[in-house]
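Put the two chains together into one complex, using the hints given.
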Amino acid sequence: MKDQDQGLDFSMVIASTVHDMKNSLASLIQAHGQWLEKLPEAQRGTPEQGVIDYEFAHLNGMLVQLLGLYKLGVNQLPLRPDYHELDDFIEAQLAFHQEVLASRGISARYSVDDFGLPGFFDRELIGSVVSNVVINAIRYARSEVLITAGQVGEQLVISVNDDGPGFPAKMIENQTDYVLGINQSSGSTGLGLYFAANIARQHQRQGVPGHIEIANGGELGGGLFSIYLP
Amino acid sequence: MLAWNQKSFLIVDDFSDFRSSVRSMLRELGVKEVDTADTGEQALKMCSQKRYDFVLHDFNLGDGKKNGQQVLEDLMTDKLISHESVFVMVTAENSQAMVMSALEWEPDAYLTKPFNRASLAQRLEKIVQRKNLLKPILQALDRGKPAEVLAACVNLTKQDPRFAPLCLRYKADALRDLNQHEPLEAFLKSILADRPQPWAFSALGKLLHKRGRNAEAQAVYEEAIRTFNAMPVLFDGLADVLIALGDRRRAQKMLEEAVRLSPYAVRRQRLLGQLALENKDFDGASKAYRQAVSQGQFSRFKDPETNLGLAQALISRGGERGLDARTRVEINQTLSEVAKEHTNDAGLQVRARLMKATSVASSDPEMAAKLTEQAMARLDGMEQFLSADAALAVAAQLTQLGQEAAGAGILKSCAEIYGDDPVVMQNIAKQTGDPDILSAGKAAIDLNMQGIRAYRAGKLGEAQDLFRKGLALQPKNISIALNMAQSLLHMGVQNLDAASLAECQNSLKMVGKMPETDPRYERYQKLRIRAFGE
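Those protein sequences? They're chains R and A, same order as listed. With the numbering used here, letter number 110 in the first sequence gets 102, and the count goes up by one each step, no holes. With the numbering used here, letter number 494 in the second sequence gets 1462, and the count goes up by one each step, no holes.
Bound-form chain A, shown alone (with noise of 0.2 Å):
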């Protein structure tokens, strides 16, 4: 039996008589320690304040409040619970469609309402059983120990066979974080070979996608969905694998299912409003991000771009007809918010700006004008780099709104700084013939190239001499002055003269201004510690 009077529970209900009915089955139990709460917010405050043991988190806690799923999200992001205690997630319905938004986090189980106290203690002492059996690879969890959690998982299983089924999970986790790609991949097929379980599809179809075997991974979700029909991670997965395989028309399709069977996933609609509207369909991508901006009020996955995206997928689908009085609110509305809560942003500054000029251009052609002035000055002083998608749609909109200029100036260090990659100049390519911006970098990037062969090849003052000629052409270009820092860091940084270091340093302050979504921003975190020694 447990000793309940020892322990401390939180329970989380909008709805006070269920509360208190709860309440009163743990006392019935001997529970002492109960704190109640009634919206996820105050449960995670209050999760940050003290820690409990077990947490009775309704799934359900009213239209554009955090649910259960987003709070055990944010609560073990944010590490406010232990891996030790117990979330038990309470639904209305069994197998609730919304509950099964993320198989990333679990709740340590499910209680369908109604429940009596001894489903309640039933439930509670096999989790509790269950914990402690598993505790050393808990307790490594908690430490963030991989390596650790792999040892208990193998002593466990040496200690009974039959808990072997019980750390599956944990295992491949483990393998994964210790980036073990091929004794993971050999796990998670033997697995499948067995038992075919959703989340062991799942990952492996992201160890393949990671390294680049795109099309074992379709075929790996294709097989996952031929068996688990209703699963939206697993269309997820599929929709990243065809992003990558260049067909983004089934990779929409795959997100509108996954939305069909779990609508509630600020990210999932993002991504779709973002595929439909590169595919130019510009309902859909309004209805999507629409959606992600209402569910992302409450969420840590908030993000402006998806307000930005809403606004874009409006106007262009009004496209000539223009926009109707209801649109231009919505999109007013959905820009103000940017701009309010990014004040410090130079970049959304002018972003939200441009956007909203664009949309009012033919009904207020004046504000627009104005709109479009405070963007460029704002523009004119900015050294943060805008991302290669966002100097894009910037300078389409001042082309639009009769600032050639300025445009053009935007393509031109846009070429600059992200010139060596081809999907980003064939871009640029759709906005100008000027061969100024088109082959201004051309050199550069061949010096660049030349220069990751001769670091290849082990030549490494070779390569340091040519990407410093590749830098000194294109000095913000962000491939380039990596390699640079890269290449002269190789040696290690002790043995470096003080004339190395400090060119080292420069060439990463100057591409200090990345934005952090971009993907080689945890590289430039990297050199830039080694560099600076911070």
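Excised from the complex, chain R in its bound form (with noise of 0.2 Å):
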């Protein structure tokens, strides 16, 4: 046997065990669906439903984001960039969404700018990086959160905006720290900003990379993150 076969490759068992996780979690939450639509309406939407849709959300959101740091670590993470209609992408969230949305009482609505042509991204990733940006901003929303796209410049720009408190001050003042992986120390969130940084430097326009940035304010007067594209 040759020197790489001694040991394990850890992080592949990870990722291995984080696919199997995610496939079992996968049949949890459809089997939960199933059993909901059994229950009597009075039993439904109490507020342990909504801690369970949340955390359902969240852990796949967050699986998903492991698998994709994983395939970046090896390089093995396809970009497929292709033209997308926002209105339809952003639909797609919301409906993907919808348990959580409705079990917090949150509202969620979106506005897309009308600027003529459709975006050009991949799908499946910058759907990743925005779903779990969502999740983020249901657990912080007091009843509001808007999903805008539009131009700015010559970049496309996807918006996430809550009522709730926002990012602490100290998250938006060093965030090029996070989005470098140079502090990772606040959790989930932290580890979100380095990935959805690093899916948007993917998307590259004549040698122009994608960007993310964190705020407070926006129209709900809340956490604000978005996403431009070139």
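It is possible that part of the hints are untrue.
[Unchecked claim] DSS-like, lysine-lysine: derived pairs with alpha carbons at most 25 Å apart:
(1) K1221(A) with K63(R)
(2) K1047(A) with K1099(A)
(3) K1000(A) with K30(R)
(4) K1000(A) with K1013(A)
(5) K1099(A) with K1126(A)
Please keep in mind that the hints were generated in silico from the structure rather than gathered at the bench.
See below:
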């Protein structure tokens, strides 16, 4: 046997375990959904239901992100950009989170500026980024989440805004550190920013890479995440 | 809103829980017609009996079973599904590496498990909206009319320039099918200059490769891989170009990269096995061929050459040391499969027997002798031509098994059939120094070359005479026979007198036994149809 056969490649072990975990979770979510439908109306929509739905979504998002990070690390994250209609893309996001939004009592809406052409990006990758940001927004929002798409200069900007307390000032100040992976102490949000920034950077046009920004304010006054795609 | 109650659905998944969950989602949407299947094979059968508006297909249906991508390939190739139908690939994981194994046939959408009813409905409604918009293009595709596809693209873009991005690929494919090389090249380059996409790189690389501009194709693929470093098809394309440029070692490296990204591709594994075998990397060749055989089991790309390749790789890997018992069992198994599944193919029967004889030559000489004898008996009466590669392998094995005369006979007929190909002649020269074999065809090949020159210069009669003389010397030479037929047919079959028509038909009949894998087979078919009016 060769040297490389000794011991385990731990990141690979994690990746394949995460893959199985994700499958497990998918079965769990599905079974839970079917079980819910058999419950009498009065027993649905309880606060526990909100917790379950939210944590399902949160777990799923983290596992997807973890697999994405693994593939980024081994240079196997396929980028396949294509043209996508933005209202379709955002509607799909909201449909995906419908249960969580409903059970947490949060109203979500979106607006898309009319700028003529569809967006150009990898639907899967940008989808997983936006999905995680939406889950984060749902966690902190009091009652509202707003997704917008518009054009700034030559770039497409997709933003997620909420009416919660906003990002901690420290995080906004040091966002470059998170983006570069220097400061990962802030748990899943920090890792999420790193992942998002990496995916944004993969989207390039004539040498200009995409990027992300976090701020507080926006129309709803809470956290405001934006991803810029050239 | 969609009239869900009028749409038919097929759900394909190996988990009954999943099937019933999706079924109930569809019911709630108002869908009345839902069928289910738990294997790809069953799905194919159902699609051949009924036209479905929607197919929701799980990608991974378990080891050793057809996966979703293979089913999609089969559905499209065998035209079991209309371009207007919707095929959704359901995956367990986003952007699954496995799903990336093909760019040729893409599903209309990917849905990642788990999904809810709202997501399913949203996705399906959007796809239907888009397909309605693209209807003229899709119907032209179903009719197999690329010119109409092109016209439909132009119309749609004129209607609203915002639809242009939706038409890019359809337009490129139509230009390709119409052999409009220059417009296609310009079109692809304009796409790449603005918004590069993997498929556009791949299409441009293929076009340049096809037109023999391999150095340019190489540059295109290298840029493509810098931009999209995890797309296996780009490595496939680069490997093809490197093979054409003679750099088979780097070609092997590229395919290894593609296999690392996406191991589930029968054709890729087979080509990798072949390259590794040529590059004398017998370990690599055994591994790749083994994958190709096991994945090929349920694939439309199942091919006996893969089994023979695996046996060859394993024998070569053993080398002087000989083979251990386990390897002999594997060889026996893979060759028995060929013999069993191709009882009427004399060439394969011969090759499988000789291969097996070679593998047992030292462990069981008696068996080897018996198999060799059987193979030689089959060879004797065989009309069909072996491909050059097969003939070379057969000759080498016969010689190794002590049948030098039979081996020389195979080389001689190989030289007659393929003598105009210098690579084949070089490979023959590696096995024999016999001038009878090596230079027997020289005069005929010269006559053929002169004939081609005369034909190109428009001196038809002179060309026919030269081909005729060449063919008299080497009646089985495929190139000369085809040239003879073509030069006779040049004036139109209706203008040939009876003797000329007979001459044309005879020269075609003689080479009609060529292997279908020969690159000239298509040309032969066209000439045959003209000469025999079928």
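Here's how the hints hold up against the structure:
no., hint, result
1, K1221(A) with K63(R), "holds (21 Å)"
2, K1047(A) with K1099(A), "holds (18 Å)"
3, K1000(A) with K30(R), "holds (21 Å)"
4, K1000(A) with K1013(A), "holds (21 Å)"
5, K1099(A) with K1126(A), "holds (18 Å)"
Violated hints for the displayed structure: none, as all numbered hints are satisfied.
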